[in-house]
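**Q** Here is what each chain is made of, one letter per residue.
Protein chains: 2
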Amino acid sequence: MEFNLSAGMFSSEEKFSPLDTAKTYDVLILGGGPAGLTAAVYCMRKGVSTGIIVKEIGGQVALTAGIENYMGYRHINGVELVDKFREQVVQFGIDYDEGASIASIEAGEVKRVKLEDGRVFSARALIVATGKSWRKLEVPGEEELTGLGVAYCTTCDGPFYTGKDVIVVGGGNSGLEAAIDLARIASSVTVVQFLDRLTGDRILIDKMKGFENVRVLYETEVTSINGSEEVESVSVRNRKNGAVDEIHAKGIFIEIGLVPNSGFAKGFLKLNEAGEIMVDCACRTSVPGIFAAGDVTDVPFKQIIIAGGEGAKAALSACNYVLQKS
Amino acid sequence: MEFNLSAGMFSSEEKFSPLDTAKTYDVLILGGGPAGLTAAVYCMRKGVSTGIIVKEIGGQVALTAGIENYMGYRHINGVELVDKFREQVVQFGIDYDEGASIASIEAGEVKRVKLEDGRVFSARALIVATGKSWRKLEVPGEEELTGLGVAYCTTCDGPFYTGKDVIVVGGGNSGLEAAIDLARIASSVTVVQFLDRLTGDRILIDKMKGFENVRVLYETEVTSINGSEEVESVSVRNRKNGAVDEIHAKGIFIEIGLVPNSGFAKGFLKLNEAGEIMVDCACRTSVPGIFAAGDVTDVPFKQIIIAGGEGAKAALSACNYVLQKS
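Read top to bottom, the protein sequences are chains X and U. Quick note: the first sequence, position 285, residue 285 per my numbering, numbers continuous. Quick note: the second sequence, position 53, residue 53 per my numbering, numbers continuous.
It is worth saying that the hints were derived from the structure and are not from the lab. A portion of the hints provided could be inaccurate.
Note: identical chains are not told apart, hence a pair may lie in one copy or across any two.
[What the hints assert, rightly or not] Subject to a maximum C-alpha distance of 25 Å in a straight line, what follows is the list of computed PhoX-like cross-link-like pairs (lysine-lysine): (1) Lys325 with Lys207; (2) Lys250 with Lys55; (3) Lys55 with Lys302; (4) Lys114 with Lys250; (5) Lys325 with Lys136; (6) Lys325 with Lys209.
Produce the entire structure from the sequences given, and follow the hints as far as they go.
**A** Structural data, given as structure tokens:
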């Protein structure tokens with residue numbers, strides 16, 4: 001039994017098998033970003049029966065304008081790279097489900113995954129690769145101009161703003177690191193901070209202040225991001241005196257944090273303070289037979305190639321687990 | 001100052017800067033496989049001064065016939081993929097040295113790397129990514145037919161032998177895992193074991209014996225690998241009675257271990273029993289400011305995308321270290 005996917009990115013000729021509620025899979029993968037898709041390729045090549053539950057194919061990668069730090073491509077955009085990853089998974093005719101959210105998971109010799117639409121799937125091993133979501137400003141223009149000047153990742157997108165004026169939103173460690181990274185290459189960096197002080201590490205604050213082309217606007221919030229084809233300016237409001245201003249900029253980096261998509265694992269898998277699933281260097285979680293990979297975990301640094309590597313590790317760990325049990 | 005590289009794989013038009021013995025680099029990378037090259041891209045993009053010392057560009061990848069498990073390419077050969085990785089490094093005009101072996105490294109606020117030709121280079125942080133070398137049989141035909149039926153990695157090359165007769169050399173865990181992997185897809189698997197018993201884990205031995213298409217030849221050694229364009233047969237000799245035989249096979253997987261290229265680090269960095277450099281999940285070694293990534297480390301599973309991910313982690317850890325010190 002096969003069906004056509006309706007998602008826009010997919011060609012109507014491509015077919016997957018639907019996930020089967022009656023089957024016990026060897027490995028069930030939760031998540032369709034770089035970690036989940038890499039895990040899928042590794043599991044399928046190992047010949048274990050595999051299913052994958054994807055909310056949004058590509059995860060954060062699909063939101064990235066240009067990628068220059070994924071090895072093998074000097075330059076590729078996020079959607080193109082996701083498409084290549086997906087093609088590699090599709091060729092194996094994997095059992096696939098897209099769109100639903102995970103409600104809860106249950107351990108035991110056979111693990112169960114309950115979706116919010118009520119369906120329940122079973123597997124001997126799970127790989128949780130549900131990623132993180134960027135915390136959004138939720139102001140007018142943000143969504144429309146994402147990838148057109150609105151960015152969330154300086155390591156990925158910073159170099160595109162060489163010699164340009166940019167804004168960084170957020171005065172915590174992510175914001176400071178972004179400002180330091182950008183100060184070396186951008187013409188000017190304006191840090192917009194909601195509070196009356198920076199909340200990041202002293203060492204980062206000092207380092208940032210060493211750059212003459214960085215300024216900080218305290219007690220300030222972004223009210224809208226403006227531009228038709230690309231970002232042209234950002235409107236801000238002083239929270240103390242209500243004064244409004246419009247700052248001309250080609251790029252705005254929103255660095256107000258990421259939210260791990262781990263809600264369904266709370267009280268079940270061991271999470272750190274940030275809500276990330278804790279794993280060892282072989283991607284094992286606190287529950288035997290449940291593995292995790294990529295940005296939803298406490299692995300340091302969030303990058304496509306790192307998530308891919310972690311996905312491969314989790315898959316090989318899960319396959320070893322299944323083979324030893326069978 | 002720039003010079004042309006002489007290595008065959010390089011176009012004569014490509015230029016690098018030579019490594020400078022008078023300079024103290026921020027980061028010096030040792031090794032030019034997937035981990036080292038990925039680390040180089042990440043360091044250069046961070047804007048820290050970076051040098052790379054490569055013995056053989058591409059490492060084990062350059063020896064792999066076809067790669068189907070590197071995300072982004074459904075199928076690519078090893079040399080092509082190495083070439084793409086290298087291109088990505090070259091674009092930054094990195095300081096580069098190729099061909100020399102590392103004699104020793106020295107710690108301190110500034111780390112020193114001594115090459116066997118006597119040159120000494122300095123850096124604030126080091127990334128050791130010198131990889132592993134496959135242990136070779138060293139029999140006639142092995143070198144000539146590498147990539148043409150002689151293989152070292154079942155995860156990489158196994159699927160190319162679907163429905164064919166293959167030989168696995170080695171009765172330890174790697175050999176047993178290779179035989180189990182191949183038994184599912186190959187027509188027949190002959191395991192050639194030097195000793196009178198298998199030395200791998202019981203669980204793997206039992207699992208392998210469950211396959212009817214696997215046989216083991218004990219106390220047997222390979223004397224030559226035969227074929228003109230590709231592997232056609234393998235000659236073996238019984239070590240007990242001296243009987244010789246010729247086994248027809250399309251593939252021979254040599255699974256007698258890998259040797260980490262960590263000799264220069266002995267007694268200096270903490271190594272495990274296998275001689276691998278021990279690292280934490282952020283690629284830190286036992287010496288502050290020295291990071292390690294890829295197959296030379298104790299990271300589980302040796303795969304291109306895993307090495308790439310570890311290289312990125314090591315680079316970001318090294319950059320953080322350098323920025324905090326400066």
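**Q** Work down the list of hints and note, for each, if the structure agrees.
**A** Hint-by-hint comparison with the structure:
| no. | hint | result |
| --- | --- | --- |
| 1 | Lys325 with Lys207 | between (52 Å within a copy, 11 Å between copies) |
| 2 | Lys250 with Lys55 | neither (31 Å within a copy, 43 Å between copies) |
| 3 | Lys55 with Lys302 | within (19 Å within a copy, 30 Å between copies) |
| 4 | Lys114 with Lys250 | neither (44 Å within a copy, 46 Å between copies) |
| 5 | Lys325 with Lys136 | neither (43 Å within a copy, 33 Å between copies) |
| 6 | Lys325 with Lys209 | between (56 Å within a copy, 16 Å between copies) |
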